[in-house]
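Peer 1: With chain A's structure known, arrange chain B on it following the hints.
Protein chains in written order, with my numbering: chain A, 1 to 185; chain B, 1 to 390.
Don't read these hints as lab results, they were simulated from the structure. None of the values given here were measured: they were computed from a predicted structure. Glycine included, each C-beta is placed from N, C-alpha and C at the ideal position. Careful: at least some of the hints might be erroneous.
Where chain B lies over chain A, by a calculated footprint (3+ residues, C-beta under 8 angstroms) [unchecked claim]:
{"#": "1", "region": "34-44"}
{"#": "2", "region": "57-67"}
{"#": "3", "region": "96-106"}
Derived BS3-like pairs (lysine-lysine); straight-line CA-CA distance at most 27 angstroms [said to hold, decoys possible]:
{"#": "4", "chain 1": "B", "residue 1": "Lys42", "chain 2": "A", "residue 2": "Lys39"}
{"#": "5", "chain 1": "A", "residue 1": "Lys153", "chain 2": "A", "residue 2": "Lys88"}
{"#": "6", "chain 1": "A", "residue 1": "Lys39", "chain 2": "A", "residue 2": "Lys88"}
{"#": "7", "chain 1": "B", "residue 1": "Lys121", "chain 2": "B", "residue 2": "Lys143"}
{"#": "8", "chain 1": "A", "residue 1": "Lys57", "chain 2": "A", "residue 2": "Lys39"}
{"#": "9", "chain 1": "B", "residue 1": "Lys357", "chain 2": "A", "residue 2": "Lys57"}
{"#": "10", "chain 1": "A", "residue 1": "Lys39", "chain 2": "A", "residue 2": "Lys52"}
{"#": "11", "chain 1": "B", "residue 1": "Lys143", "chain 2": "A", "residue 2": "Lys52"}
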Amino acid sequence: MSTSLAQRSARGYRNRGQGHYAEQYVRALASASGFSVGKSDPEPVGIDLQIKYERRKDVPWPSKTIEVSVKSTSSRTYNDDGLMYEIKSGAHDVLCGSMGVDFDIRRYLVVVVVPERLHGYGAMTDQGLALSHEAYLIDLMSSQPVGQEQSSKSMTLPTAQLLTPNLLSEVLLEDSERACEWLSM
Amino acid sequence: MAIDVVHQLPIEGFPLENLRAYLASSGWMEVDSESSGSYWAKPDEDGEIWLPSHTRVITFRTRILELLRNLEDRESRPYREILGDVLDLDRDIQEIRTFPGEKPGETRLSDGVEAVEGIRKWIESAAVSVAIGHPQAVLPRRKPGRAQDLISATNLLVPGVGSFIWRISTPIADNPRQDSFSFDEIPGGNGLDDYSRLTTKFLYSSTMATVSAAQTVHREGGSLEPFRERINQGVTANLCEALDLSSSSGRSPLSIRFRWATRRPVGAWLEPIEISLPELEIIAWAGREFRREAVDEGVTIHGVVVRLVREGPSDGPGQITIAGRDVDSPENSFGHYWVELTAEDYLVAAEAHSSDKIVEITGDVHSVGNRRVLRNPSGFGVIYGGDELG
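In isolation and in its complexed conformation, chain B is listed as follows:
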C-alpha cells in the first residue's frame, strides 16, 4: 500500500520547492495558483494536478500521494522512484541492472559482493579520470583528493524494483558553477559543470565509448585498436575491469540508466546503456590487455626479498623477487615484483633476505606475462627489520 511510504515522509520541512522544481523540469507548467496551492498542467495533455502550498494542512499527505500517483501513471514508473527523485534533487542517480537469474529481488551473495565492488570501481574510474584531467589507458593508483571525496560522498541506495537493480547516488552542486578542468574533451562539458556533474557525465560518456569499442571488436573481430582509439574518450583498463566485476565477472549482462538531478537536468543521455555478455567478455579482455601494455611509473614497493638469482661472477649484479605491496595502493597490489639490481644493491638484498628485513624500492612496474617487473629501480634499501609488513 502506497500510503505507508507517504506516512513516513517528514512533513516538517518537506521540500515542496523540490516538488515544484521536479514538476517544472518534467514539462509541467503552473497554470493557476491560489494562496493555498497551485494547479499544474502539461501542454497538450488533459488533466491538472494540485500542489498544496503548505505542509500544515490536514490533507497534505493525501494530496502528495494523489500527486505522486498521478505522476506514476503519466511517467509509467513507480511513485517511490519519483519520490526519490524529488527528495534527491541535487543528486545524479545511476542504476545498474544485473540479471542474476534468481527470484526477482534476489541475487547470490557472492555475485552481489562482486557487483558492488565493480560499481565502486566504476564510479572511481570516472572520478579519477576527470580529476587527473588527461586521458590514459591505466589510471594511477594514487587517487586525487577530490576523487576520494566524491567517492566517499557517493551512496548506495535501496535497490530498485526488479532483479537486480543497484542504485547509486552522487551529489552534485545545487547550481551550475564554473570550475576549471583541463580535460576539455568531456562531452557536454560547458565550463559550467562542477566536478561532480562532470564526473557523472564522464561516467556516462566513457561507458558508452567502452561499449562502442566492444561492439566494434565484436562486429569486426581482432585487435585492441577500437579501445585504444577511445582512450581520449575515457576508456581505461580500470573502467573495463569495473564493468567486468559489476557483471559478476561476465555472468550477467548489464543495463545501465542514468537519472540526472532534477534541479539540473541534462537534456541528452537519457538512453540506457545495454551491455551484452559477448560485449562484456571483450571488455574484460581489453582491460587485461591494457594492463599488460601499461606501465605504472614511480611505484614504491615495500616487502621482503623472497628470491635471489645471480648468474655470472659472485660480485656482479643479480635479480631478486620482492613479495610486497605498492605503498600507494596496498589493498590492490600484493604480489611478487622482479627486479634487476646492481652488485651493491644485490648484497643489501641478500642481507635483508637472510635476516627477514623489510626493503623499499621505487621504479616503473611493467606487466610481462604473469609477472610484475620493476624497471628503472632506485632508492633500494632496508627500511626496518622483522615481520612488520602485514
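So here's chain A without its partners, still in its complex pose:
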C-alpha cells in the first residue's frame, strides 16, 4: 500500500522537527559546557553549527573553533563497538579533508539519537530539564570520501565518542588538562 500524502507530510514534519531538535540539543550541550554556539553567515556547505571558545582576560588560553554537521536518528541499534548509523554519502564526504588544505576550521559529525516520538524529547525531572537521548561526535576528516558510487555509508559511532561536556571540551580545546580545568571553573 502506498504511503498517503498525509502520512508523508506528517513524516516530513516530524523529520524537520527531529532535525531542529537535534541541533538545539547540541546547542544546549555546548552552551552548558560554557562555549559559544552560533551559525556562520553564510554557512559552509554541510555545516550546521560553529562552537567556539573565545580567549578571555581571566583565562588566557587561545581561541578555538570547531564546526559541526548535526544529524539525527531515532534508530537505536548497537553492535559491540557502538551505535550503528547510516549516513548519506554527500553528508559524509563534506566532512572529509585535511586541515590547511581543504579546511581552515576543524569539522566534525554529531549524530543525535532522539526518541521516536516528539513527547519524549524533553522531560522535567527532580534535577531539572532532561533532554533525550544522547549524541556522538565523530572526526571524519581523515576518512576516505565515499564518492558517488554509493548513496550512503554504514558506520559505527563508538561508545567512547558519546558527546558529553568533557568530550566536547577536550575536542574544542585540544587539551584534556585544560578541558578538566575548564569544566571545574
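Peer 2: Okay, now just chain B, sitting in the frame of chain A:
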C-alpha cells in the same frame, strides 16, 4: 545578494596581506593564530573575527564574506566599499557626492558630463600646484610632466551607493618615501610623502581652504581678500572653477570625502568637506575674479588675423585681433586676442589677413573685461599659409 560579489573575487592571488593590513590599520589586533588562520579582535569590543591563512580552502569565499559582513556592521558602511578599500590598498579614494534631485543613482547626462570634467580639473589643480611648487592664483596652462602622469593614472570608479556619488582613485607609492618638493607649506607634508600622496593631501587642504574663504565672504561680505590670503594654501582660479563645474555650475551642493590608502593611513582629514550652494556661488565668482586679475605670461598664440584697426598715420602702429589658440593649451583657449603692433608688424599682419595666413605671436595675456589682451608682444610673424589651423 552579497555572495555574488565575493564569488567574483579572483581567489588565485587574492590579497590576503591587504586584508591583514586593512584590519591592522582599522584598529584590529591579531589575538591568536593557527596555521590555518588567525583571530582578530578590537580592544574593548566584544567578538572576534576569523581570517583564513590560505585561499585554497573550500570555505575561503564564505569566510571572507562573513568577515566583510562583520566589518560592515562594525563600520556602518557597505561591505562592497570595504572590499574596494581592501583591494585598493595603495590608492587614495576621493568621493564627491552631488545632489541632482533625480531618482537615487541617477543624474542628468549634461550634469554628469560637467561634473566629471570638473572632477578632472579638481585633481589637476592639485597635481599642478604641487608639481610647480610655489603658490599662484592662476596655474600655468602648460602642465608639468609628473602632473600629467598622475592624472593619467587616476581612475574614475563605479559610483558609490547614493545619489550621485562620484569616486576617484589615485595611486600612491606603497610605502612612504622621501621626495623633494619646494612647496613646504603643504600641510602634513613631512618630507616622507611621495608626489602622489602630497597631491591628494594638498587636494584636501586646498579645497578646505577654498571653502573656508567662501564661508568668510558669505559671513562678512565683500571682497576677494579671503581668497587672496589663502593663495599660499593652494586656492587658485583653477580649483574654484573645478568646484563650480563639479557642482554642475552651481546647481548642486557638494559633499566630499577622502579615504586614504589603507596601507598608508592618514590620521587627520577624515571629516567630509561640505559645500553649500551659496558657498559655491562665491567660489565661482572668486575663480572669475582671479582670472580677471591674472596674467598668463609667455603665451604663444597661433591664429588668423580677423581685425585690423589703425588710427593715425597709415605707416604707424596699429591694433589687430587674432582668432586663435594658445599652443600649450589648445583645447581650452580658443578665442580672440587683441594686440598692439608696431608699424612693421602691422604691415605683416595686414598681408596675413588678406591672404588668410596663420600667424604666431608670444606675449602676456591679460583678461580685461571680456577681452583677452596680449601685451609685451614678441616674435610676431607668419608661420604657414592657408586654412591649416583647425
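Peer 1: Hints first: check each against the structure and report whether it holds.
Peer 2: Against the structure, the hints:
1. With 5 residues bearing a CB less than 8 angstroms from a CB of chain B, the region 34-44 of chain A meets the requirement of three and the coverage assertion stands.
2. Only residues whose beta carbon comes within less than 8 angstroms of a beta carbon in chain B count, and the region 57-67 of chain A has 3; three or more means the coverage holds.
3. Coverage of the region 96-106 of chain A by chain B holds. Counting CB-CB distances below 8 angstroms, 8 residues qualify, and the rule asks for three or more.
4. For the suggested pair lysine 42 of chain B and lysine 39 of chain A, the alpha carbons sit about 21 angstroms apart, so the restraint of at most 27 angstroms is met.
5. For the hint linking lysine 153 of chain A to lysine 88 of chain A, the alpha-carbon distance of about 6 angstroms falls within 27 angstroms, and the restraint holds.
6. Distance hint between lysine 39 of chain A and lysine 88 of chain A is fulfilled; the C-alpha atoms sit about 22 angstroms from each other, no more than 27 angstroms.
7. Using a Cα cut-off of 27 angstroms, the hinted pair lysine 121 of chain B and lysine 143 of chain B holds, with the two alpha carbons roughly 12 angstroms apart.
8. Between lysine 57 of chain A and lysine 39 of chain A the CA atoms are separated by roughly 24 angstroms; this keeps the pair inside 27 angstroms, and the hint holds.
9. Taken as a hint, the lysine 357 of chain B and lysine 57 of chain A pair is broken in the structure, with Cα atoms around 86 angstroms apart against an allowance of 27 angstroms.
10. With a C-alpha separation of about 11 angstroms, the suggested pairing of lysine 39 of chain A with lysine 52 of chain A holds against the 27 angstroms cut-off.
11. Straight-line distance between C-alpha atoms of lysine 143 of chain B and lysine 52 of chain A comes to about 59 angstroms, which puts the hinted pair past the 27 angstroms bound.
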